[in-house]
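Novice: Listed below, chain by chain, are the residues.
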Amino acid sequence: MDERREDGRPGDVDWRERRGADPSESREAPGGPPTEERQEPLHPAIEDDAEETRRLAETWAAPTGFVGWFTPVNQRIIGRRFIVTAFVYFVLAGLLGVAMRLQLAVPENDLLAPDIYNQFFTVHGTAMMFLFAIPVLEGFALFVVPMMIGTRDMAFPRLNAFGYYVYLIGSAIFFLMLVVGMAPKAGWFNYVPLAGKLYEPGIGVDIWTTMITFIEVSALTAAVELIVTILKLRAPGMTLNRMPVFVWASLVMAFMIVFAMPAIIVASSLLILDRLVGTGFFVPEMGGDPLLWQHLFWFFGHPEVYIVLVPALGIVSTIVTTFTQRSLFGYTAIVISIVATGFVSFGLWVHHMFATGLPHLGMSFFMAASAMIAIPNGVQVFCWIATMWGSRIRLATPMLYVLGFFWVFVMGGLTGVMVASIPFDLQVHDTYFLVAHFHYVLIGGSVMPVIGALYYWYPQLTGRMMNEVAGKISFALVFVGFNVAFFPMHQLGLDGMPRRVYTYLEESGWGDLNLLATIGAVVLAAGFATTMVNALASLRWGAKARRNPWDAETLEWATESPPPPYNHRHIPIVKSREPVWDWREMKERPVVTGLRSDRREVVVTSILDAEPQAVQVLPAPTIWPFLSAVAASVGFIGILFHPIFFVVSFFLAFFSFVGWFWPRRPWQED
Amino acid sequence: MRQYSGADVSGLTRFSKQKHPLYVGILGLIAIELSVVALLTVSCLYLMLTAPAWPPAGLEPAPLLWPSINLGLLIASMAAMRVAGNRITAGDRRGLIVGLLTAVSLHALVLVFRSLEMAAYDFRWDDHVYGSLMWTISGFHFTHVASAIVGTLVVAILAVKGYFTPERQLGVVVDTLYWNFVSAAWIPFYLALYWGPRLI
Numbered sequence: 175m176d177e178r179r180e181d182g183r184p185g186d187v188d189w190r191e192r193r194g195a196d197p198s199e200s201r202e203a204p205g206g207p208p209t210e211e212r213q214e215p216l217h218p219a220i221e222d223d224a225e226e227t228r229r230l231a232e233t234w235a236a237p238t239g240f241v242g243w244f245t246p247v248n249q250r251i252i253g254r255r256f257i258v259t260a261f262v263y264f265v266l267a268g269l270l271g272v273a274m275r276l277q278l279a280v281p282e283n284d285l286l287a288p289d290i291y292n293q294f295f296t297v298h299g300t301a302m303m304f305l306f307a308i309p310v311l312e313g314f315a316l317f318v319v320p321m322m323i324g325t326r327d328m329a330f331p332r333l334n335a336f337g338y339y340v341y342l343i344g345s346a347i348f349f350l351m352l353v354v355g356m357a358p359k360a361g362w363f364n365y366v367p368l369a370g371k372l373y374e375p376g377i378g379v380d381i382w383t384t385m386i387t388f389i390e391v392s393a394l395t396a397a398v399e400l401i402v403t404i405l406k407l408r409a410p411g412m413t414l415n416r417m418p419v420f421v422w423a424s425l426v427m428a429f430m431i432v433f434a435m436p437a438i439i440v441a442s443s444l445l446i447l448d449r450l451v452g453t454g455f456f457v458p459e460m461g462g463d464p465l466l467w468q469h470l471f472w473f474f475g476h477p478e479v480y481i482v483l484v485p486a487l488g489i490v491s492t493i494v495t496t497f498t499q500r501s502l503f504g505y506t507a508i509v510i511s512i513v514a515t516g517f518v519s520f521g522l523w524v525h526h527m528f529a530t531g532l533p534h535l536g537m538s539f540f541m542a543a544s545a546m547i548a549i550p551n552g553v554q555v556f557c558w559i560a561t562m563w564g565s566r567i568r569l570a571t572p573m574l575y576v577l578g579f580f581w582v583f584v585m586g587g588l589t590g591v592m593v594a595s596i597p598f599d600l601q602v603h604d605t606y607f608l609v610a611h612f613h614y615v616l617i618g619g620s621v622m623p624v625i626g627a628l629y630y631w632y633p634q635l636t637g638r639m640m641n642e643v644a645g646k647i648s649f650a651l652v653f654v655g656f657n658v659a660f661f662p663m664h665q666l667g668l669d670g671m672p673r674r675v676y677t678y679l680e681e682s683g684w685g686d687l688n689l690l691a692t693i694g695a696v697v698l699a700a701g702f703a704t705t706m707v708n709a710l711a712s713l714r715w716g717a718k719a720r721r722n723p724w725d726a727e728t729l730e731w732a733t734e735s736p737p738p739p740y741n742h743r744h745i746p747i748v749k750s751r752e753p754v755w756d757w758r759e760m761k762e763r764p765v766v767t768g769l770r771s772d773r774r775e776v777v778v779t780s781i782l783d784a785e786p787q788a789v790q791v792l793p794a795p796t797i798w799p800f801l802s803a804v805a806a807s808v809g810f811i812g813i814l815f816h817p818i819f820f821v822v823s824f825f826l827a828f829f830s831f832v833g834w835f836w837p838r839r840p841w842q843e844d
Numbered sequence: 027m028r029q030y031s032g033a034d035v036s037g038l039t040r041f042s043k044q045k046h047p048l049y050v051g052i053l054g055l056i057a058i059e060l061s062v063v064a065l066l067t068v069s070c071l072y073l074m075l076t077a078p079a080w081p082p083a084g085l086e087p088a089p090l091l092w093p094s095i096n097l098g099l100l101i102a103s104m105a106a107m108r109v110a111g112n113r114i115t116a117g118d119r120r121g122l123i124v125g126l127l128t129a130v131s132l133h134a135l136v137l138v139f140r141s142l143e144m145a146a147y148d149f150r151w152d153d154h155v156y157g158s159l160m161w162t163i164s165g166f167h168f169t170h171v172a173s174a175i176v177g178t179l180v181v182a183i184l185a186v187k188g189y190f191t192p193e194r195q196l197g198v199v200v201d202t203l204y205w206n207f208v209s210a211a212w213i214p215f216y217l218a219l220y221w222g223p224r225l226i
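Just so you know, the protein sequences line up as chains A and B, in that order. Just so you know, we're using the working numbering here: the first sequence kicks off at 175 and counts up by one. Just so you know, we're using the working numbering here: the second sequence kicks off at 27 and counts up by one.
None of these hints come from the bench; they were simulated from the model. From a predicted model like this one, the values you see are computed outputs, not experimental measurements. Certain hints may be false.
[Unchecked claim] As a list, the in silico SDA-like pairs of lysine to any residue whose alpha-carbon atoms are at most 25 angstroms apart:
id, chain 1, residue 1, chain 2, residue 2
1, A, LYS646, A, PHE580
2, B, LYS45, A, LEU769
3, B, LYS45, A, GLN787
4, A, LYS371, B, LEU73
5, A, LYS761, B, ASP34
6, B, LYS45, A, LYS761
[Claimed, not checked] Partner residues are not named here, just some residues of chain B that face chain A (Cβ under 10 angstroms, in silico):
id, residue
7, SER31
8, LEU55
9, GLU59
10, VAL62
11, LEU65
12, VAL68
13, TRP80
14, GLY84
15, ASP152
16, GLY197
17, ASN206
18, PRO223
Even glycine gets a Cβ: it sits at the ideal position worked out from N, Cα and C.
Pulled out of the complex, with its shape left as it was, chain A reads as follows (with noise of 0.2 angstroms):
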């Protein structure tokens, strides 16, 4: 690069020169500047090529037709698709939680059988953390991330497509088991000894554990690719302390999950392996413990209620830079304290079993590490205060679910350092408490940043606006019907109302309370179905986007609404964090050049200070994922009927990813 510098050709700007370093320059420029520059530009102009532009459109295009559907490998297509087959399990779930509510509105009600209802609260909490909550967030990282980064595509295309297929595969037979009514029913936490052989025979467990793991493999699939994707393909000069926050809160996130999952895999398979071939990890008589279920289980359930956090707040801080225009307050305090929310999450898992009877010394540690996390959240919490203390904020429906999202996370995070405490915690253990804490945190925390993301980026989704007035009411019926369904269940819990009950007797005097709760549940219910129509019907008779409908800061609104197919016409290099306001001022933007057109190539940038490194070479859309994906899934079927199915399924998926990986002749050269 410093010898092209020296010669004067175009291509000399230091993408490394900071935005603080001159913004009295940029300012001055009008004015007082050498008049020469503005006679003979420094820089010659880029004008578009149309030609060049079909080109790389064609290059980048994705497959159509049916057979097309089973092809494309590009980010933008899998991270909708992600979005939109979780929102359906975001509708089932959601259903099946009414109808629980349904059953608990009155006392000793008979609308649903026991052994219907522990099925509905297992695959309730199940889809809601395995098929909707993760996948939703990691849809929207995978759909906007690259866009953020101003790349083309994610890193391994093909493993993203794979993702896809083994969630959809995974997701559609663990729900379907619900239809037959063969449905696991030892809860989302699956605790051994009940979801032992012993005293949960059906096939429910095993399609659980099996279909589980296989659907983890899916978000670790995502989690590297996006870690990869941030640290190697940034645009040039998108240091890390100039990352949109959304995209450090995704990096955390897949972190988390690169070292979070495998304790769920791990359990699983161990469980499956008891279960299957009768080994006796949980079974006390063969010398095994159901308490190791828990620690398991835990070390990737907590992490796990970050996972589905962390990227919210970084959604939040998007939509609060957005929506007030202005630059991030604490911006370096945020990122600090997304991490170290990362980190102490790891620590934090036995505040789930307080009640087991561990080491005194190891329970206080995990109480005070349990109240230590409210700090780092804490300190978001003021910096978004900050950001919008004095602004004239824009109150469009994503702001509205922000504002939303503080109120309700706020008390959850309250809850929780109550719960926190071990005195506290043995009182309310087991009770609505914990089911009003938990609902506040996550549907605070996680789902409605989420619907507040999907009517901000409904824009690059589809290209068309959300309607408003749809949106403001959807909010209203989800604000006012959850605090009316949940926050009664805190009294329930110190009333003495035990979780996980299909039902309670008259005198208890808990019939009012849920009744409050059940007409909650249903307003909330009527506030989401709001959103959802408000989705399908914009898409036909939403108003079309226009350019940066929402005048925010970060790449992704750097391009069209809809993106064409290679996102960035050319890869954008940048200066600051807020590369399209600053465009916005000085009129004018370096950019990459010597891309190829006719086949998928991206700039691979260093990992600290994203100076170019080299060029990669994307592979183009193919079967081979979606046959992969198939032989994966007829060795997690296939061996709760044999264990030889574990090896077929060994060669199957070996065979296909020989297939996925053979060069093609002739070799990519260069």
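We have chain A; now place chain B onto it with these hints.
Specialist: Quick look at chain B alone, frame taken from chain A:
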């Protein structure tokens, strides 16, 4: 908006090794699998330390000889892969093929020894949790060695077809990374399964 060229990347390499995203991606895969290895080892220690007797009363700890020989073979195979990589960097395709096949043979020998050793155990996986652990962890590692073998055979076939050159050797580099992980993963298992019962 006016656009100008800020960086021309036409001269940048399309072949990179350590800087290539795939290299980082394989490190990610290894991080995932290392977590699995760590969790299995910790689970083993947890069950070992809470058990009244380990192995269960009446059993001797499994013999050390064969697992130790396997450890040596696995480490030797890592060296063979290293040599193979160096040969192709020097442009020696024959050396690459010989190195890859040597490494594959060493791993294959490990599979043979392990099969004989496991067949000689006088307990089954469904006898007690000690047996469950021995068989499960062995099976886990066995499967990984087998997949490293078949994967590296494919790399060897490509080498025979002349695909790899001093520039184009990313495939060898990432295969070696994964190979080293699979070989080294035996160390914690070896310590936990064979030395653990002797040391507690």
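Novice: State for each hint whether it applies.
Specialist: To see whether the hints hold, each was checked on the structure:
1. Using a Cα cut-off of 25 angstroms, the hinted pair LYS646 of chain A and PHE580 of chain A holds, with the two alpha carbons roughly 17 angstroms apart.
2. Distance hint between LYS45 of chain B and LEU769 of chain A is fulfilled; the C-alpha atoms sit about 18 angstroms from each other, no more than 25 angstroms.
3. Restraint check: the Cα-Cα separation between LYS45 of chain B and GLN787 of chain A comes to about 7 angstroms, which is no more than 25 angstroms; the hinted pair holds.
4. Note on LYS371 of chain A and LEU73 of chain B: the hinted pairing holds, with a Cα-Cα distance of about 20 angstroms set against a maximum of 25 angstroms.
5. Between the alpha carbons of LYS761 of chain A and ASP34 of chain B the distance comes to roughly 21 angstroms, so the proposed pair stays at or under 25 angstroms and holds.
6. Between LYS45 of chain B and LYS761 of chain A, the direct Cα distance comes to roughly 34 angstroms. Violation of the 25 angstroms bound is thereby established for this hinted pair.
7. At its closest, the beta carbon of SER31 of chain B sits 4 angstroms from a beta carbon of chain A; the interface hint therefore holds under the 10 angstroms criterion.
8. Taking 10 angstroms as the C-beta cut-off, the interface hint given for LEU55 of chain B holds, the closest approach to chain A being about 6 angstroms.
9. Against a cut-off of 10 angstroms between C-beta atoms, the interface hint on GLU59 of chain B holds, since the closest Cβ of chain A lies about 8 angstroms away.
10. At a threshold of 10 angstroms, the smallest CB-CB gap from VAL62 of chain B to chain A is about 5 angstroms, leaving the interface hint in force.
11. A hinted interface residue such as LEU65 of chain B counts as satisfied when its beta carbon comes closer than 10 angstroms to some beta carbon of chain A; here the least separation is about 4 angstroms, so the hint holds.
12. The interface hint given for VAL68 of chain B holds, since its Cβ lies 9 angstroms from the closest Cβ of chain A, which is under the 10 angstroms cut-off.
13. The closest approach between the C-beta of TRP80 of chain B and any C-beta of chain A is roughly 9 angstroms, which is under the 10 angstroms cut-off, so the hint is satisfied.
14. For GLY84 of chain B, the interface hint is violated, since its Cβ never comes within 10 angstroms of a Cβ in chain A; the closest pair sits about 13 angstroms apart.
15. About 4 angstroms separates the beta-carbon of ASP152 of chain B from the nearest beta-carbon of chain A, less than 10 angstroms, and the hint is met.
16. For the restraint placing GLY197 of chain B at the interface with chain A, the shortest Cβ-Cβ distance is roughly 8 angstroms, inside the 10 angstroms limit, so the hint holds.
17. Because the smallest distance between the Cβ of ASN206 of chain B and any Cβ of chain A comes to about 18 angstroms, over 10 angstroms, the interface hint for this residue is violated.
18. Nearest Cβ of chain A to the Cβ of PRO223 of chain B: about 13 angstroms, over the 10 angstroms cut. The hint is violated.
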